[in-house]
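*Asks:* With the hints as your guide, set chain B onto chain A.
There are 2 protein chains.
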Amino acid sequence: MDNETEKLPILKLTETGSSSIEDMVAKESPLTIILNNQELVTLLCSPANLRYLAVGFLFSEGLLESKDDIKKIIVDDRRGVVRVETERDEELASDVLFKRFITSGCGRGVSFYSAADAQGQGKVESKIEISTLEVLALANEFQHRSQIHRATGGIHSAALCDTRNIIVFSEDIGRHNALDKIFGECILNDITTDDHIIITSGRITSEILLKVARRNIPIIASKCAPTNLGVRLAADLGVTLVGFVRGKRMNVYTHAGRIATNGK
Amino acid sequence: MDNETEKLPILKLTETGSSSIEDMVAKESPLTIILNNQELVTLLCSPANLRYLAVGFLFSEGLLESKDDIKKIIVDDRRGVVRVETERDEELASDVLFKRFITSGCGRGVSFYSAADAQGQGKVESKIEISTLEVLALANEFQHRSQIHRATGGIHSAALCDTRNIIVFSEDIGRHNALDKIFGECILNDITTDDHIIITSGRITSEILLKVARRNIPIIASKCAPTNLGVRLAADLGVTLVGFVRGKRMNVYTHAGRIATNGK
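Quick mapping for you: the protein sequence lines, in order, are chains A and B. First residue of the first sequence: 1, per this note's numbering; consecutive thereafter. First residue of the second sequence: 1001, per this note's numbering; consecutive thereafter.
Just so you know, these hints were derived from the structure itself, not from any lab. None of these values were measured; they are calculated from a predicted model. Fair warning: there could be bad hints in the mix.
Some chain A residues close to chain B (C-beta under 8 Å, calculated; not the full set) [said to hold, decoys possible]: (1) L11; (2) L13; (3) A48; (4) G230; (5) N251.
Chain A stretches covered by chain B per the calculated footprint, using a threshold of three residues with CB under 8 Å from any CB of chain B [stated by the list, open to error]: (6) 22 to 35; (7) 80 to 86; (8) 150 to 158; (9) 204 to 211.
Cβ coordinates follow ideal geometry from the N, Cα and C atoms, glycine included.
With the rest of the complex left out, here is chain A (with noise of 0.2 Å):
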C-alpha cells in the first residue's frame, strides 16, 4: 500500500484558522501497454498489480480471450510497462484502434455502440441465489477492507465474490481500472468468474455492464446507482443489477430472481 499513496504537505483551513498538516494522497500513474510490440494505450491508474491491470484490459477490450494465447508478459513496475506477447502475432489493424479507444467522460471503450459488438455479447445464464441478508453482509465486509480509500478518499475498489465471501479484492483510482485488475488476476490464476458476484464501489454505467457480462458475471452490486443503459444492457444480457446497497437496504433493477427474500 505504500507504494499507492504519496504524504504532501497541506493546510487545512476552517472558519476559524488554518494548520500546516500532512495528507495522504492517492497515487496516479501512467501505465502503458504494449501488445505484440505495438503500443496499444496509456491509462492513468493506482501503480500496483500492473500486470493483472494489462491482462484485465486486454480481455476487457476483447483483444485476449484465452489465457493460452498469452506468451510472455514483461512488467517494468518503475517506467509504468506492461509488454505482452501473444502465440498470435498478427498486427492489429489502425482502424480497430481506433474505434477501441474512442472513449467517455468517465470511462472508455464505447466499442459497444458497434452493432458487432452488441450483436456478439451472449446472455448471461447462471443459477446462483443470493439472499438479501448475504448481499448486506459481503456489501459491508467489502466496506471495510478498502484501506487505502481510508487513508485517501480517492480510490475505487471492486471484489469477486461468491455468495458467502469476497474471493479476489482491488482498488485503484478509477473504476474501470479496480474491475480489469480483478479480471487479470481471475484470469491468470484460474479463478473462475461464472455463477460470482462483483461489487464495485463506483456507479453503474453501460461500460461497466458491458465488462461484466463479458465475464459471465450474473450479478453486480454498488452503493452507488446505476445509469438507464446500465439497467437496459443487464436487462438484454442477463445480469442481476443491485444499486444503493446502503445501510439495511438495496434497490434491485434487473433479474431480482436470483435475489431471494426473506418472504420466498
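*Replies:* What follows is chain B alone, placed relative to chain A:
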C-alpha cells in the same frame, strides 16, 4: 431535466421484505462528435446541452482554439450527433486522433504524457483572492444546485464561479463531460474563465487539472480528494487546488496564497 432521467420499475429490498416501486435513474446516451465531416469520438453522456459538450470537448482536446474558428454547429439531439465545421477544414492526421483518444480508467486523453503537450501548457496567472468563508458558501450553494443528483444519485456536477456566485452550472454522468459543458457554454456565450473558480463534484485527477489549466482558471475546489499527479500538476501550472471541502473545513494542496484565511 425530464430528458435527463428515466423512471424505472424496481424492487426495493430490506432485511425483512420487498416492495415494488419506481426509481428515477440518470439517462446515459452516446454523443458522436463529427469535426469537418470526420467522425472524431463517441462520448457517453447525459443527453442535454450537447452543443456545449461538443465545443468544450474540442477545446479541451486542443482541436479548437478560438470561437472564431467555428463556422457552423449542427446539433441532432435525437440521434445524439453534433457536427462542427471549422474555418480551417484540414484533415486530421489519423495518428493525431489515435494519440489523442487513448484513455484512462476514469477519464480520457492522457495526451499530457506526450512531452509536447506538457511543455505547451503555460502557468496560470491570476491575482484573484477568495476567503475561506466564501469558498464554503460557494460549495454549499453548489451542493444545493444539483437537482438531478438529488433525484438519481448518479450524476456529476461542475460550476464556474466568481468569489460570490455560481455563474455557469452543469451536470453530467461523467465528471469530464460536466466540465466540458461548462467550458463549451463559456466559449459560445463569451463568458470569461480567467480569474474564476471551478467547483467539481468529482476527484481532481491529472486530466481534470490539465483541462482547468488550459482554460486559464486559477482555482479548483472539490468535496472529493485529489490524486498526487493532480497535486503535482496544480503546483507546476500555478493552480490553487482545494480538496475535501466538507462542512466547515477544506484542504489546500497548492498555491494557498489565493485563499485568504481569517487570520490574514
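*Asks:* Take the hints in turn and mark each one as holding or not.
*Replies:* Hint by hint, here is what the structure shows:
no.	hint	result
1	L11	holds (4 Å)
2	L13	holds (5 Å)
3	A48	violated (13 Å)
4	G230	holds (7 Å)
5	N251	holds (5 Å)
6	22 to 35	holds (count 7)
7	80 to 86	violated (count 0)
8	150 to 158	holds (count 4)
9	204 to 211	holds (count 3)
In summary, the numbered hints that this structure violates are 3, 7.
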